[in-house]
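From just these sequences and the hints, can you work out the full model?
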Amino acid sequence: MGFCIYFQIAQMDELACFAPGMLALGSSGYGSGESEKFLSLAEELAWTCYSFYQSAPTQLTGRRNYFFRPGQARHDPSQVHPWNILRPETIESLFYLWRMTGNKTYQDWGWNIFQAFEKNSRTESGYVGLKDVNTGVKDNMMQSFFLAETLKYLYLLFSPRSVISLDEWVFNTEAHPLRIVTRHEQEQSGGGLEGQQRSFVRSRARKVGRTGI
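With our numbering as the guide, the letters of the sequence shown map in order to residues 251 to 463.
To be clear, the hints were calculated from the coordinates, so they are not data collected in a lab. Incorrect hints may have been included.
Derived pair list, reagent style SDA-like, types lysine to any residue, alpha-carbon separation capped at 20 Å [said to hold, decoys possible]:
id, residue 1, residue 2
1, Lys369, Met392
2, Lys354, Leu291
3, Lys354, Glu286
4, Lys354, Tyr405
5, Lys369, Tyr405
6, Lys388, Phe408
7, Lys354, Pro410
8, Lys388, Pro332
9, Lys381, Gln309
10, Lys369, Gln357
11, Lys287, Arg349
12, Lys388, Asn422
13, Lys369, Arg349
14, Lys354, Ser415
15, Lys354, Met392
16, Lys388, Ser415
Pairwise CB distance ranges (calculated) [said to hold, decoys possible]:
id, residue 1, residue 2, range
17, Gln436, His331, 16 to 26 Å
18, Leu428, Gly376, 26 to 36 Å
19, Ser439, Pro307, 28 to 38 Å
20, Asn390, Asn353, 50 to 60 Å
21, Asp358, Val413, 35 to 45 Å
22, Leu397, Ser439, 31 to 41 Å
23, Gln261, Ile430, 33 to 43 Å
24, Glu374, Arg433, 43 to 53 Å
25, Glu437, Lys369, 46 to 56 Å
All figures in this text were calculated on a predicted structure; none of them were measured in a lab. Positions of the beta carbon are idealized from the N, C-alpha and C atoms, including for glycine.
What follows is the structure, given as structure tokens:
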């Protein structure tokens with residue numbers, strides 16, 4: 251007989267800080283009671299993620315694995331991997347929460363994080379990560395997602411709601427906006443997805459000289 255032993259570890263990876271934004275965005279699909287519950291959870295998690303930044307001398311968060319000790323406040327974790335590589339997840343969640351609630355606090359938090367990037371990561375030729383958020387020692391690399399995601403979400407955090415409205419656009423996991431197309435719009439533009447596929451097949455058949463399709 252085999253035995254499985256599960257260990258519950260009170261830790262949170264900073265990469266999980268996309269979750270507050272996910273919960274905030276998803277809360278709009280529920281009734282008022284459930285919606286408030288999910289939005290409240292999103293706000294509490296966002297506070298935890300922001301506190302990751304505030305807990306370090308540079309006010310930039312370490313890369314991963316924050317442990318929560320019994321009896322300690324949830325926003326006072328100990329850092330295990332203090333390397334910051336300019337990741338976007340917390341900024342992403344602040345953007346969604348700002349759009350969903352209109353609470354300027356999330357803009358203030360985003361501005362504080364941006365100021366920490368300016369103070370600790372900016373160089374003459376770009377922005378670099380930190381090997382240690384406690385000492386401020388820099389590495390020599392700017393990750394591509396800093397431009398594609400982190401700065402994009404910071405820009406949107408301070409933009410009017412009409413700029414890439416969440417009623418018309420959805421972001422994929424790499425922060426690329428994709429226009430929301432309703433079924434009615436699909437039908438008007440060519441019979442929906444199946445109609446578009448058939449049209450593509452007919453067009454390709456003509457190009458390669460096939461008939462009978």
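The hints, checked one at a time:
1. With a C-alpha separation of about 15 Å, the suggested pairing of Lys369 with Met392 holds against the 20 Å cut-off.
2. The suggested pairing of Lys354 with Leu291 holds, with an alpha-carbon distance near 18 Å, which does not exceed 20 Å.
3. Simply put, Lys354 and Glu286 have alpha-carbon atoms about 19 Å apart, close enough for the 20 Å limit, and the pair holds.
4. Of the supplied pair hints, the one linking Lys354 and Tyr405 holds, its CA atoms being roughly 15 Å apart against a limit of 20 Å.
5. About 18 Å separates the Cα atoms of Lys369 and Tyr405, which keeps this hinted pair within 20 Å; it holds.
6. Of the pairs offered as hints, the one joining Lys388 and Phe408 is violated, with about 28 Å between alpha carbons and a cut-off of 20 Å exceeded.
7. Between the alpha carbons of Lys354 and Pro410 the distance comes to roughly 13 Å, so the proposed pair stays at or under 20 Å and holds.
8. As the CA atoms of Lys388 and Pro332 are separated by approximately 12 Å, the hinted pair is consistent with the 20 Å bound.
9. With a C-alpha separation of about 14 Å, the suggested pair Lys381 and Gln309 falls inside the 20 Å cut-off, and the hint holds.
10. Of the supplied pair hints, the one linking Lys369 and Gln357 holds, its CA atoms being roughly 18 Å apart against a limit of 20 Å.
11. The straight-line distance between the Cα atoms of Lys287 and Arg349 is roughly 18 Å, inside the 20 Å bound, and the hint therefore holds.
12. In summary, the hint linking Lys388 to Asn422 is not supported, as the alpha carbons are separated by about 30 Å, beyond the 20 Å threshold.
13. For a cut-off of 20 Å, the pair hint linking Lys369 to Arg349 is broken: about 27 Å separates their Cα positions.
14. At most 20 Å may separate the alpha-carbon atoms for a hinted pair to count; Lys354 and Ser415 meet this at roughly 18 Å.
15. At roughly 29 Å between alpha-carbon atoms, Lys354 and Met392 are farther apart than 20 Å, so this suggested pair is violated.
16. The straight-line distance between the Cα atoms of Lys388 and Ser415 is roughly 36 Å, outside the 20 Å bound, and the hint therefore fails.
17. The beta-carbon spacing between Gln436 and His331, approximately 46 Å, falls outside the hinted interval of 16 to 26 Å.
18. Between Leu428 and Gly376 the C-beta distance comes to about 28 Å, which sits within the given range of 26 to 36 Å.
19. Against the hinted window of 28 to 38 Å, the Cβ-Cβ separation of Ser439 and Pro307 comes to about 55 Å, which falls outside the hint.
20. A beta carbon spacing of about 37 Å between Asn390 and Asn353 contradicts the range 50 to 60 Å that was offered as a hint.
21. Distance hint check for Asp358 and Val413: the Cβ-Cβ separation is about 19 Å, which falls outside the suggested range of 35 to 45 Å.
22. Distance hint check: the CB atoms of Leu397 and Ser439 are about 33 Å apart, consistent with the given range 31 to 41 Å.
23. Checking the proposed 33 to 43 Å range against Gln261 and Ile430 shows it holds: the Cβ atoms sit about 36 Å from each other.
24. A hinted range of 43 to 53 Å for the beta carbons of Glu374 and Arg433 is consistent with their spacing of about 51 Å.
25. For Glu437 paired with Lys369, a C-beta distance near 53 Å keeps the hint of 46 to 56 Å intact.
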